[in-house]
Amino acid sequence: MPEHVVKSPLPGVFYRRPSPDDPVFVEEGAEVTAEQTIGLVEVMKQFAEVKAGAAGTLSSFAVENESTVGPGDDIATIETS
Amino acid sequence: MTGGVQTLLVANRGEIALRIVRAAQELGIRSVAVCSEVDVDSLHVEHADSHVVIGPASATKSYLNVDALLAAAEEAGADSVHPGYGFLSENAEFAQRVIDAGLTWVGPAPEAIRQMGDKAAARAAAERADVPTVPGSDGPVSGLDEAREVAETVGYPLAIKASAGGGGRGIRIVANPEELAAQVPVAQAEAKAAFGSGEVYLERFVARAKHIEVQVIGDGTRAIHFGERECSLQRRRQKVIEEAPAPGLPDSVREELTASAVRLAERVGYSGAGTVEYLYDPAIQEFFFIEMNTRIQVEHPVTEMITGHDLVKEQLLIAAGNALSITQDDVQFTGHSIEARLNAENPDFDFLPSPGHLDVFRMPGGPFVRVDSGFEAGRGVPPFYDSMLAKIIVWGRDRDEALSRLARALDEVEVQGIATTVAFKRRLLDLPEVRSGDYHTTYLEDMLRAEGSSDKEAT
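Residue numbers (this note's numbering), protein chains in the order written: chain A, 1 to 81; chain B, 1 to 459.
Treat the hints with care, as some may be off.
To be verified - Calculated pairs, DSS-like style, for lysine-lysine (alpha carbon to alpha carbon, straight line, at most 25 Å): (1) B:K239 <-> A:K45; (2) B:K119 <-> B:K239; (3) B:K119 <-> A:K7; (4) A:K7 <-> A:K45; (5) B:K313 <-> A:K45; (6) B:K192 <-> A:K45; (7) A:K51 <-> A:K7.
FYI, nobody ran anything at the bench for these hints, they're computed from the structure.
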């Protein structure tokens, strides 16, 4: 099955929720659109949205909530068809 | 003299942690640095007498981790905690936990932090101390009739603000009764749609306001001030350049302003260093209380430069249980000081953060130039924390000399490996409004917006 791997655009801390009390942006196994936000990367107190980048099923996250990521690190895998 | 403060845990990182370590050293106090796993090789750790690694990179797991900090204090045998600014510095619960652990908290009492951290409580305290607050409705207005009554006493222009808004969102400005009648229902409907609550309140709108703040130190009974600072050059509510004294502030206003800050500090029995922030309307020469910050501030060095007093040392002495050793008359003001913050951000890409490795990090020197930085060449700037690399502070006999000196100092800066805001800061110093001191809190953003749109027209 074709896959799209979502990469971190920046170094920082990855978040799956918009804020600690909110639900996650997307659950594993959910359908996503290319434009959908699946998480945030915090770099120096600024937040960058991580978009799915391709439509399909988000099969798994490669990183835990609040873990540190480097630029280009794998964030999630999307099965595109 | 430093009885209860013999071994100080510095619960912060970067330049302010180093700044506190230096004050401790001069007072003969042992300093214990804390650091996250990625900060082990940093200057504040190197300068301190010892250090404790408190957790992983993410601030919530290290510098914001109360349990880890208290464990570090115990492990290092610290008897006191200085929180610096940011992180847990204005967290009343952390202050209380430090005190409950039998340690000395270098800062005001938790009740004072809590009181000043609550907008309504702080405003009420200011009113009790006879400190002017921004005139407006007492809480939300129910409808147009009440809005009209408020407008009659407060006057125009008025800002209609959504109670649930904030950060500049949900604000409408009206200049007369006709606009008020037209806009109140619209504002209510809009607030309901945007924030889920249609509650709005009214406040005097201060156009071209200046941000002026007064440094105070209290010992719980008596308080004195160290003059004011002007910090109106801001971007996204972050101060960009700060100076002392405030340019163009009439002496009579300065006297009232600083006296009001002392009144507030004494009224609430304030202990330690604090800053009372005001909006100042130069057109009518009136000032209004905004809030009080219950910690040392980033821009405290400009005050130190014109008064010759080490504010962090004063904090430590007060925390150790000393009464204020000086009177108001001992605080004399000489010359002018300006600070520019150097940030790891790229002004050409909307100030995108720029962490990385400092291949070259050359800071300015020469007469009357002070650099407070937690970095040096060959070290890394981690992506996990604030982007401030250094504060470059100059002193001059007058404002013109300070401006020329800061321009010269910024020209000496060379950083390679990451992007910085140095060229942007340098450019600001040549703007006519900055040179004349005639700038206000939205000046910089207006300017950047205008530049952005003219760039688009050009291409």
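Handout entry: List of violated hint numbers, smallest to largest
Key = 3, 5, 6
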